[in-house]
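Chains as they are written, first to last, in the working numbering: chain A, 1 to 146; chain B, 1 to 289.
No lab work stands behind these hints, which were simulated from the structure alone. There's no promise every hint is true.
No farther apart than 20 Å at their CA atoms in a straight line, the calculated lysine to any residue pairs in the SDA-like style are these [what the hints assert, rightly or not]:
| no. | chain 1 | residue 1 | chain 2 | residue 2 |
| --- | --- | --- | --- | --- |
| 1 | A | 6 | A | 29 |
| 2 | A | 6 | A | 107 |
| 3 | A | 6 | B | 38 |
| 4 | A | 135 | A | 91 |
| 5 | A | 136 | B | 51 |
| 6 | A | 6 | B | 39 |
| 7 | A | 136 | B | 54 |
| 8 | B | 155 | B | 145 |
| 9 | B | 261 | B | 194 |
| 10 | B | 261 | B | 272 |
| 11 | A | 136 | A | 109 |
| 12 | A | 136 | A | 108 |
| 13 | A | 6 | B | 43 |
| 14 | B | 155 | B | 142 |
| 15 | A | 136 | B | 58 |
| 16 | A | 6 | B | 42 |
| 17 | B | 261 | B | 126 |
| 18 | A | 6 | B | 19 |
| 19 | A | 67 | B | 61 |
| 20 | A | 136 | A | 106 |
| 21 | A | 135 | B | 57 |
| 22 | B | 265 | B | 124 |
| 23 | A | 6 | B | 55 |
| 24 | A | 6 | B | 27 |
| 25 | A | 6 | B | 47 |
| 26 | A | 135 | B | 54 |
| 27 | A | 67 | B | 112 |
| 28 | A | 6 | B | 90 |
| 29 | A | 67 | B | 59 |
| 30 | A | 136 | B | 59 |
| 31 | A | 136 | B | 205 |
| 32 | B | 155 | B | 90 |
| 33 | A | 128 | A | 109 |
| 34 | A | 6 | B | 57 |
| 35 | B | 261 | B | 246 |
| 36 | A | 6 | B | 44 |
| 37 | A | 135 | A | 9 |
| 38 | A | 6 | A | 106 |
| 39 | A | 136 | A | 124 |
| 40 | A | 63 | A | 31 |
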Amino acid sequence: MSSAEKSPWILHYNASSCNGCDIEILAALTPLYDVERFGIINTGNPAHADIFVVTGSVNEQNKEVLKNLYDQIPEPKVVVAVGICAASGGVFRDCYNVSGGIATIIPVDAYVPGCSVRPEALIEGVVKAIGVLEKKRALFDNGGAK
Amino acid sequence: MNLMSAIGGAVMFLFLAPILGGLIFGVDRVLTARMQSRRGPPILQPFYDIDKLWHKERAFANPVEVIFTSGYLVLIAFSGVILFSGGDLLLVVFALALAHTFLLLAAYAANAPYSIVGAERELIGVMVAEPVLLLLAVGFFMVTESFFVAEILSKTVPAILSLPGVFLALFAVLTLKLRKSPFDIATSHHAHQELVKGVTSSLSGRTLAKVEVAHWYETIIILALMFLFFAGAPILGVAAVVVCYFLEVLMDNLFPRVTWKMTVKSLWIITVIFAVANIAVIGVYGGVV
Ligand code: SF4
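So that you can see chain A by itself, here it is in the shape it has in the complex (with noise of 0.2 Å):
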């Protein structure tokens, strides 16, 4: 286990979610649940940030948002999606602002299912999503990523 995994800071973007998601997410990084005893920091800043948890269906008007701060996170990184909005663009797929989905626009590494999700799912994603950091940094240590 390297600190990859053992201080991992999360930077959370709601990219038009209708905000269900988003009081989950925020709901479990409040004091009562203490993260940090995991050393996750919730940063608000995507230059310090390893893990992007992204909220919503993603539409023409955050997209390049959602882009430039995935951008600004350097590597290793990994993204999750959170809720059926985020996978796939759940009941609001068919609007006609709507890209439908993350992977639309960033490489996504775990989803989490749920509308709105449910914490535990939400933990088990994060969770997953810090294998996958594990991983890159690896690959990234080993020169293999950019």
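Fit chain B with the ligand to the given chain A structure using the hints.
Relative to the frame of chain A, chain B with the ligand by itself:
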């Protein structure tokens, strides 16, 4: 012999200060968590964070960040080396001030709004802390007739007896130096700050790691300056430093939303009432109050 102990002190500082500094911040985070009825991270968490940052991609908002953050780290370490080898207090204070200039330049170089506002507020922080550090050097000179740490340490009567006001002012400045308050400057491990992370907003990976390690060095320097007031009574000195640090953590949790305006006002008032008055009294009456 003197040269040997000076070199010994400098080398010890260079190698042990980051270890001690990291541990202090680890304990700090656990203590803070416990005060908020949380468990908190492992004590070694600050080291994990640094190791993680070291393995991140080297991405820069502006490549000169590398020079400025390295300058910050080197100058802080230089300041500590002077202090721990028994050198000149004035040099310690000026090297610290210069080091902060480098950090500010790194933040300005990023040319990003949060960094720039962060740098401006950091500048305010320097403006508030610097007078106290200068008065500290002056105070020690008036009491011990020397700016040299080695000579101050050789005194048997602790300087705190003559300089209680200056000590209190330094204690007040400690919250600023630990980057806990004010929250709209602080780059501590609290959740979102008003300015994201202020000066360090645009720094990432290794540059951020350097700033963090420099911060550990600086913390040890400030705590060592506090200890200096108790030269001649080392056990009392260590106890005082530990108590002061604990009080800082407590204060940070009791007043987590102190703004920079409040900080400037209160710290300048404290500086004038305690530190300046203290030195004026010594100036008029001479020596021990
Ligand atoms: S998945 Fe459901 S709860 Fe989550 S953002 Fe979409 S509609 Fe809202």
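Against the structure, the hints:
no.	hint	in the structure
1	A:6 - A:29	16 Å, holds
2	A:6 - A:107	23 Å, violated
3	A:6 - B:38	18 Å, holds
4	A:135 - A:91	34 Å, violated
5	A:136 - B:51	16 Å, holds
6	A:6 - B:39	15 Å, holds
7	A:136 - B:54	15 Å, holds
8	B:155 - B:145	11 Å, holds
9	B:261 - B:194	14 Å, holds
10	B:261 - B:272	17 Å, holds
11	A:136 - A:109	11 Å, holds
12	A:136 - A:108	13 Å, holds
13	A:6 - B:43	12 Å, holds
14	B:155 - B:142	13 Å, holds
15	A:136 - B:58	15 Å, holds
16	A:6 - B:42	10 Å, holds
17	B:261 - B:126	14 Å, holds
18	A:6 - B:19	18 Å, holds
19	A:67 - B:61	17 Å, holds
20	A:136 - A:106	16 Å, holds
21	A:135 - B:57	15 Å, holds
22	B:265 - B:124	11 Å, holds
23	A:6 - B:55	13 Å, holds
24	A:6 - B:27	17 Å, holds
25	A:6 - B:47	10 Å, holds
26	A:135 - B:54	16 Å, holds
27	A:67 - B:112	18 Å, holds
28	A:6 - B:90	41 Å, violated
29	A:67 - B:59	16 Å, holds
30	A:136 - B:59	17 Å, holds
31	A:136 - B:205	16 Å, holds
32	B:155 - B:90	19 Å, holds
33	A:128 - A:109	9 Å, holds
34	A:6 - B:57	18 Å, holds
35	B:261 - B:246	25 Å, violated
36	A:6 - B:44	10 Å, holds
37	A:135 - A:9	16 Å, holds
38	A:6 - A:106	25 Å, violated
39	A:136 - A:124	19 Å, holds
40	A:63 - A:31	31 Å, violated
In this structure, the earlier hints numbered 2, 4, 28, 35, 38 and 40 are contradicted, and the remaining ones agree with it.
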